[in-house]
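Using the sequences provided together with the hints, build the complete structure.
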Amino acid sequence: MSTTKKYWKGIEELQETPEFLKHKQNEFVEELPVDEFLGNEQLADSSTNRRDFLKFLGFSVTAASLAACETPVRKTIPYLNKPEEITPGVANYYASTFYDGQDFAGVLVKTREGRPIKVDGNEMCPISGGGSNARIQASVLSLYDSARISGPKKGTTDISWSDADKDITAKLEAAVAAGKSIRIMSSTIISPSLMAAIEDFKAKYPGADVVTYDSISYSSIRSANQASFGKAVIPTYNFENADYIVGIGCDFLSNWISPVEHARQYASTRRVNKDKKSMSRHAQIESALSVTGSNADVRVAVKPSQLGAVAVHLYNKLTGSSLPAKSLDGKDSKITAIAKELSAHKGKAVVVCGVNDPEVQKIVNAINENLGAYGSTINLDVTDNMHRGNDDAVKNLIEEMKSGSVGALFIHGINPVYSLPQGEDFKSALSKVGLSVSFADRIEETAAACTYTLPDSHYLESWGDANPRTGVYTLTQPTIQPLFNTRQSIESFLTWAGISKNAFDYISEYWNNNFYPSSTGSAFFSDFWNKSLHDGCVKLNTSTSFVSGEQTSLAESGIDLAATASAIQAESGKASGIELLIYQKTGMGDGSQANNPWLQELPDPITKVTWDNYILMNLDDMNEKGFNTILGQEQLADTVEVKAGSYSVTLPVVAQPGIPKGVIAIALGYGRTAAGKTANGIGANAAPFQKLVNGHLRNELSGVSVSESKGKYHIAATQTHHTMMGRSIVKETTLSEYKKDPKAGNEDILLATNLKNIGKDGKASAKELNLWDSFENPNHFWNMSIDLNSCIGCGACVISCTAENNVPVVGKDEVRRSREMHWMRIDRYYSSDMTEIRAEEEGLGAIDKFLKMEIPSSEDVEVVFQPVMCQHCNHAPCETVCPVLATTHSLEGLNQMTYNRCIGTRYCANNCPYKVRRFNWFRYNENVEFDFNMYEDLGKMVLNPDVTVRARGVMEKCSMCVQRIQAGKLKAKKDSERPKDGSIKTACQQACPTNAINFGDFNDENSAIRGDWNNERKYQLLEEVGVQPSVFYLTKVRNKEAAKA
Amino acid sequence: MSLVFTILSMVFLLPSQGFSQDAAKLFKGNCASCHKPTTQKLVGPGLQGVRSRWTDEAKLIAWVKNSQDFLKTGDSYAKKLFADYGNSVMPAFALSDAEIIAIVDWADKGGDAPAATEATDSAAGATTSAGEGGEPADSETYMYILLGIAALLLILISVLNTVKKSLQSLVNEKNGVIVEPQPHRSPYQQAMYWASQNKKIVALAGLFLTVWVLKLGWDGLMGVGVYEGYAPEQPIKFSHELHAGQNKIACVYCHSSVEKSKHANIPSANVCMNCHAYIQQGPKYGSEEISKIYAALDYNPETRSYGPNQKPIKWIRVHSLPDHVYFNHSQHVTVGKLECAQCHGPIDSMEVVRQYSPLTMGWCINCHRETAVQWEGNEYYEELHKKFLEDSDYKKGDVFTVEKIGGLECSKCHY
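Protein chains in written order, with the numbering used here: chain U, 1 to 1045; chain H, 1 to 415.
It is worth saying that the hints were derived from the structure and are not from the lab.
Treat each hint with caution, since some may be false.
[Said to hold, decoys possible] Simulated crosslink set (BS3-like; lysine-lysine; CA at most 27 Å straight-line):
#1 U:Lys767 to U:Lys974
#2 U:Lys767 to U:Lys1018
#3 U:Lys691 to U:Lys574
#4 H:Lys337 to U:Lys974
#5 U:Lys75 to H:Lys237
#6 H:Lys311 to U:Lys974
#7 U:Lys231 to U:Lys539
#8 H:Lys387 to U:Lys971
#9 U:Lys75 to H:Lys387
The structure is reproduced here in structure tokens:
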């Protein structure tokens, strides 16, 4: 330090001012306002000084360490009277039914020690089969929702059931005496016994009536069918019979009528193998990019107002008639092409439409009639009993309420204040109703405005039945004692009707009287009942009671299609300016399960955004407005105010490829204000944008104003890149190419080597080049295949995996930091026009090339989905870098992760080419910052006791559900046999509605997985890296070219 | 000295007070909770005239020793007896032939009625153990006795030493040897002086001490979380020694889920009631401990009815694995055909259950290294075993151990 340089910390020191010299010895020149920033006024009064504090600290540390050395006394409390069917440690499964007014599924509920912990599809259910969707999978967590109220409430104060019953009976009698009407406003009731109970109730209180309201309206299909065929029904669709499928603004794979069933049927027509080299063709004409649209072979993007015209155009081209229709801004030729192909598939085609306009639906009916779809792909005899909501009746009810003539209103299974477009109107009308009772399980938006909230039990705590469609009857059975002091709504109605029967007695009696006589093969009712309960469902030869009217033919109906078409033209003529489409997200649906953190954290299949709803906008529109189009941790989205009429919302804007210019879209299900701590305040409610047109609730709106950027907003997306950047991550081909060469699109990747003895010119496939010796798999060799042709990207597997493997919810902020914990993700890629070859031709530099690659090609974008979980490499790069051997290879081909050995270096995650490893940054189950299900006592009940809850600082990843593998092996050992192929299923495989995921033992020569391995479409992800994964994919096949007649 | 002898004689005389052959005592200890020494029925038949009811005395003796075994011989009277008393099982008794005959003889005389009634009826539950004197002194008493002896011996040594010193100084004085008076030192200085004179010993002792402390530390650290020998006192003094040892009730009778589940369940109280609805008196604690089951179930033995105020029994868990370990009993018992005692030790002789094995990972792994897979007759393993024999690495004498099929892999227990 022999420098003569002078360093000074300020002008004062240089000039040696007296002030400076005075304070030179002090550490801080100015007195620091310690008290101010410690901010505790009582601090000065405290008698604990620093020494005392250290003493306490020392003592408590010593005491704690001493205490830690003692044997912890753990109590173990057995049953006093062990129920016969429960064996601690062994799971029980119960068949039941999930129905929430929106989705229906026969389910199998897994319980452990009396706690339901997993819900999966029931393979015996003729409707949903073994599949499920994200909402059904997540419904088990909604049972353990801490926002549920603990018992009946009058206003916000507790009341006993008997007091509530006394009050309500008195008020009901008063209402009857005063000649006022009694209304039960409910989501569609498909329970025959609940209907019967309400009939009993009506008998006691004349003037009572049911008003059916569904948050998602399908009323137009019913009234169109009334007009076309003389009965107001929703038919059932048989996509498996279709060779040509056209969807017009209809997300039938994830949100339309019976999506789980449709997905299964649809996938069965899309599967190709060496014995079946044909598949259905799917054209989708829609506005916002839906899950269904992203799976289509042909997708045409039109404005919402044009969807009706599309149907008319299709009809014109099919029949050669010339009904009036507006032109489609140059997209007519595409519709003409679709019509031409449709006519070539008559009798094996179906057109479905999601526009809730009976005029459009009438045209669609005429198209389907022309195609010969009825009797083949559409069944009018077996009808859907769900979705019988009547928008017009709701409007009338509100008028009636306003007039003060409603004496009592019961609200069942719905949340109209939140979900009705005129919700505020409804709320003020509620105050004019003498007695308003909500059966909601929490004080949500509607219940808060009701005089009584009498919580209905969760479906997993209830007895119930359902008649979802003609001839199909299902049962719901409780899998746990009610967690709270709740009562099933059927029991409430019965009590008020003066019938003292519990739900079980009433339902079983109803079945005995009404269904048992038409059953066959059971000598006693108990046999019939037990079998129905065991199977979860029964098929009976009865006609459904929900249909009125005789079926007539379309020709007899005398519909004036010309008038219909003009009506459509007139309406679309009114459309102007920016158009808004209200849509449903696959995870959130109508928002009834919004307080479910699993669903909030599920990335939307298309945008990959979690924890928010947002405005979807065309890329060009956004660039014009100067909005940020890029998602990223530090790339904030612009918030924008969207206004239509008097209602406006302010939401962030997200760029959406595939949405036409001049169109924006907002999802339902957000903007809850009283759903619970998880959902409250997230996003904005889009329901008030919906409008009632001619008695039908419409999701299409025009003349919307979009403001300039009002601010910036953090968006949490799990995937911020759009395209594959020129790599062959998802391999795809077209059907005609596949027919020519089954290996089309799946050419071997050859690596250049300096070896002379290998391949051609020293080029060899990655499989031939091994850096390491291979592992032996003498016993099992677990492999997984994923058919990209079947995967529709719905995300049911992600929730199933979360439930099975105790995956924590981390919240929006952490997702934004790319710290989501999901063990599997579904990558979504848009196609890009830019390729390596084109870049070379155009002479683009590397940076320009990749920038261009990231821009999805056009409005009519193509999408691929690829589920990615740990690939269980047989030459795993993670295993070689772990310093503590926490991740190792098993004899059965699994890449094992041992949490208690992991010290958290994260080398493995860095060395993983697939980025599937997840690091526990926090103690999610004990940290109040992560106040989700795992932190709460109630929410912890959903945890799978066979899987460890991981600690902070350890790495985790997909284990291929090793707990299920071990359980399956143990069962085989006890039965003295080898595990049967298909007897062990991973959680993702089990949830998949389209059977895209297959899992099995490669060493079993007859296994299905072995068949997939020998499929020419088989490829491994990033094969060229040479890690030899045990998970492999089957190439996607698109049915793109014009069909050859 | 005499004191030492007294203590010593006590120690050696204790067990020899021995076993009483007194029939009345035997009856009280073994039979009284179910039988009366008259013709009156209790849970079982009255024992007066029991000999005449049986066709053969040998059969009677066999029945008493193990009634369930004897039933298997298909004896008609035994069957009828079993059926008449509602198929309630009479537990097996480890009594000798002579003892049984003595009891039968005594009961034939109608017993000494008043005493018997007192024993069965008294709610306080008089001690009915098989001879109070027969209880061996517990280890603590032995310990005190031994400590006492050690202390006496030490005193003896120091006394002898002092005597020797005085004698030495007397001899020195007599011989006129003048011992230089040592400079006055404090005890500390004395010790330091001694140390400086005996450096080798000090060095050795130091080394020994260091090693010892290190070993203590090491053992201490390795013992963290290892609770071998852990034997907490349970809320009910349930004796495995009595139930599994003397009465020879099979483990699976109570721990019924061990063959199908990962847990070997603690039996629910209704399982206890299978027997204790009838057996209301225990041999050691009388009705005191059994009444705790009744209290838990709110059971009234008089009216034989259950009340509504049932409270679960909070047992203290003895064997507890960390949460990150998956262990499945059925895998080991049903598939691996292990005996319970292999891991749980001589449970049938434990009055209070204690953790017999360390239950550490090293212990598990060792067993997986050594134990052969029970492949015979199990189709799951047979093919694998063939492969093992055909393997190029196979040498004669190799055992098809659990390790060979991946039993040491992490994901077998950790997931």
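Status of the hints after comparison with the structure:
1. U:Lys767 to U:Lys974: 38 Å, violated
2. U:Lys767 to U:Lys1018: 13 Å, holds
3. U:Lys691 to U:Lys574: 14 Å, holds
4. H:Lys337 to U:Lys974: Given pair H:Lys337, U:Lys974 holds - Cα atoms ~11 Å apart, limit 27 Å.
5. U:Lys75 to H:Lys237: Roughly 15 Å separates the two Cα atoms, so the pair holds.
6. H:Lys311 to U:Lys974: 36 Å, violated
7. U:Lys231 to U:Lys539: 23 Å, holds
8. H:Lys387 to U:Lys971: The hint holds at about 22 Å.
9. U:Lys75 to H:Lys387: 46 Å, violated
Hint compliance for this structure: hints 1, 6, 9 are not met, and every other hint is.
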